[in-house]
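Peer 1: Which chain is which? The protein sequence lines are Y and X, in order.
Take -11 as the starting number for the first sequence in the numbering used here and just add one per residue.
Take -11 as the starting number for the second sequence in the numbering used here and just add one per residue.
If you're looking for bench data, these hints aren't it; they were derived computationally from the structure.
Treat the hints loosely; a few may be bogus.
The list treats identical chains as one, so a pair stands whether inside a single copy or across any two.
Claimed, not checked - No more than 27 Å apart at the CA atoms, straight line, and that leaves these computed lysine-lysine pairs for DSSO-like:
no. : residue 1 : residue 2
1   : K143      : K185
2   : K164      : K349
3   : K30       : K277
4   : K278      : K341
5   : K38       : K311
6   : K278      : K226
7   : K278      : K159
8   : K148      : K91
9   : K63       : K311
10  : K164      : K147
11  : K147      : K185
12  : K91       : K311
13  : K63       : K147
14  : K311      : K164
15  : K278      : K63
Note that the coordinates shown come from a computational prediction; the quantities given were computed from them, not determined experimentally.
So you can see what is in the structure, the chains are spelled out below.
2 protein chains.
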Amino acid sequence: MFEFNIIAADLNCSARTGAFQTPHGSFETPAFMPCGTKGSVKTLTPDELKNLGCEIILANTFHLMLRPGGEIVEKMGGLQRWIGWDGPMLTDSGGFQVFSLSKLRKINDEGVTFQSPLDGATHLLTPEKSIAIQEQLGADIIMAFDECPPADAEKSAAKKAMERTHAWALKSLKAKQRKDQALFPIIQGAIYPDLRKESVRYITGLDAPGYAIGGVAVGETKEQMREVMETVCPLLPKEKPRYLMGIGEPDDMLAAIACGVDMFDCVAPTRLARHGSFWNNHGRHDITKKEFSVSDQPIQSDCECYACSRFSTSYLRHLIIEKEILGARLLTIHNLHFLIDLLRQSRKAIEAKTFQTFSKKFLSEFYAKER
Amino acid sequence: MFEFNIIAADLNCSARTGAFQTPHGSFETPAFMPCGTKGSVKTLTPDELKNLGCEIILANTFHLMLRPGGEIVEKMGGLQRWIGWDGPMLTDSGGFQVFSLSKLRKINDEGVTFQSPLDGATHLLTPEKSIAIQEQLGADIIMAFDECPPADAEKSAAKKAMERTHAWALKSLKAKQRKDQALFPIIQGAIYPDLRKESVRYITGLDAPGYAIGGVAVGETKEQMREVMETVCPLLPKEKPRYLMGIGEPDDMLAAIACGVDMFDCVAPTRLARHGSFWNNHGRHDITKKEFSVSDQPIQSDCECYACSRFSTSYLRHLIIEKEILGARLLTIHNLHFLIDLLRQSRKAIEAKTFQTFSKKFLSEFYAKER
């Protein structure tokens, strides 16, 4: 039911391409998974995502357990049927969000007690409960419940969180009942190389169809994040997919791909779009800048996305300034197209064994303006 | 360049169908024009509007003159080119908005001095300036500058506003220079039949390709609004299109069509959608109602719109509750489809000379729940 096949590897680095088979079809790796936090990749329809070449999307257990609740999604036939997306999906476990989005939490070995940001009600999320909800939601890939400390956590706190994450990974695997879902446990250990190594050893000792690297994009520097990847990736089994959680800036993804990472998710492309920022080959830009007001060119000259093929920078700028929803939609389409296309090009380069050249060339152009 | 042809008339009432030819193609009447206030029909792309069967859209001079300004739109090739809509368009004159959306206004025979709601800057809008801006914007149909009093205006104030509207209609016609735009003058007179009659006589005495009925949807009752239509419509020349400004509730439109109205615009379908309300054959509904939480049916069972053919009421409810932009998009698509389809059915019924039967049947079902 689940199968990961490596298609090509670029032996000049650790980059590889592959395909992961799920009950809802397969997706190519390296893959970027747009975030459909509350069951909708913000502003877009499932058909638009398909047209963008998106093959897998993600949803959040934390948000969906609070509203509408796992029971309702289950009653409506599961996440995919309910939201009209018939391709592969992944749900996170709620671990990260419990620590980043909720208040008044108590953590013990059983789980996390937190206050709902919606109505202040108290909830207890445990590994068992997270898995039960993820089984109600019904995504193809589900995640173990983990404790995700901030980047500035002291080593002793990071160690404690890692040990709890290990225990909860085991509990998550034990709690899992459905056979048509693949559960990925999560490696923690913050910015401490020895903890990260210990965590890889423990987590990869569990028999799982894939492994995730958590505890990144939580406030650490880009250098610290890359050090984590360089510590962890060489120790991971080659035949299993690796998911780097929460990462989606173009430069970070290219660095991670070189280390052998296969899956990514990040709110950056969709969130930046709603705030009026877009990427093109020359870096990231704020569309509200005055210089764009009479530009009749698309925001990226060689881009084939719907926004670029139909609308000028001038009009997109106007829509964003006026807070018109269409502006958020069109920049979202462009930013997702940009990332998905970057991974498409990356896969091609890996197959041609030219990934490092490709990556260097892309980044030199991407950063040219800032330098 | 402009031509209005009546295709069919239902002699049981005053309803008729027609086609209005403009430089950007023709549209069938009775027509509903979705509001693209700031150059975007809220949440939708031009292609989605085309797919809905929409043939003409409207934009607002008041909003576009303040941002980005007529010069920029002109520089970008005019409204249609800039927003990517290649069909017919209409711009209003800013008259209505100056009175309803701005502050600290002074009105004299020259025009209206008002404060921009964006930055408090003082602007003077005159008939000449409104026409100049509408020529920069470049829509096919443009409107005379008018004074639009509230429904509770005393008769003396309504008379003064009407007389000014007449003088400004003349000034608007004189100021017009472009030959590829049709200017419609506007009938005022509030709820006073004798003023309305006087206004029709004056306005239809001006040689114009179409006439508009203004000063409705400004706080009067449905009965008062219908009385206005019944007073005005019989006095209008049959061979010219009639545009009832600001009206778009299904029952009001059917009543107006029976009187011989040809064109409508209203923010109701798009605004209601963003606030979670939708129409179906059984009236208007609030999608956030608890009863919809596990409904796996579309919001209208026999509807062919994208929202109804792809998504359940349960999911749409969730999107609206979560303030997900996709929810606003999908309800907007449905509500516009509902109105555009209602006018499509109306045209068919008029051609079959069964409009009154059709209208009665539609309304009895539409109001069944409320009775």
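Peer 1: Against each hint, give a clear statement of whether it holds in the structure.
Peer 2: Here's how the hints hold up against the structure:
With identical chains, the CA atoms of K143 and K185 are at most 27 Å apart within one copy only, with a shortest distance of 14 Å there and 85 Å across copies. With identical chains, the CA atoms of K164 and K349 are never at most 27 Å apart, being 45 Å at best within one copy and 55 Å at best between copies. For a Cα distance limit of 27 Å, the shortest separation of K30 from K277 qualifies both inside one copy, at 24 Å, and across copies, at 23 Å. Within a single copy, K278 and K341 get their C-alpha atoms no closer than 42 Å, and across copies no closer than 56 Å, so neither meets the 27 Å cut-off.
In this homomeric assembly, K38 and K311 come within 27 Å of each other (Cα to Cα) both inside a single copy, at 26 Å, and across copies, at 23 Å. Taking the closest pair of Cα atoms, K278 and K226 never come within 27 Å of each other, the shortest separation being 49 Å inside a single copy and 49 Å across copies. In this homomeric assembly, K278 and K159 never come within 27 Å of each other (Cα to Cα): the closest approach is 55 Å inside a single copy and 36 Å across copies. In this homomeric assembly, K148 and K91 come within 27 Å of each other (Cα to Cα) only inside a single copy, at 20 Å, whereas the closest approach across copies is 61 Å.
With identical chains, the CA atoms of K63 and K311 are at most 27 Å apart between copies only, with a shortest distance of 22 Å across copies and 36 Å within one. With identical chains, the CA atoms of K164 and K147 are at most 27 Å apart within one copy only, with a shortest distance of 26 Å there and 77 Å across copies. For the homomeric pair K147 and K185, the shortest alpha-carbon distance inside one copy (12 Å) is at most 27 Å, but the shortest distance between copies (85 Å) is not. When the C-alpha separation of K91 and K311 is checked against a cutoff of 27 Å, the pair qualifies only between copies, where the shortest distance is 22 Å, while the shortest distance within a copy is 30 Å.
Taking the shortest Cα distances, K63 and K147 never come within 27 Å of each other, neither inside one copy (40 Å) nor across copies (62 Å). In this homomeric assembly, K311 and K164 never come within 27 Å of each other (Cα to Cα): the closest approach is 44 Å inside a single copy and 32 Å across copies. Taking the shortest Cα distances, K278 and K63 sit within 27 Å of each other only across copies (15 Å), while inside one copy they are farther apart (50 Å).
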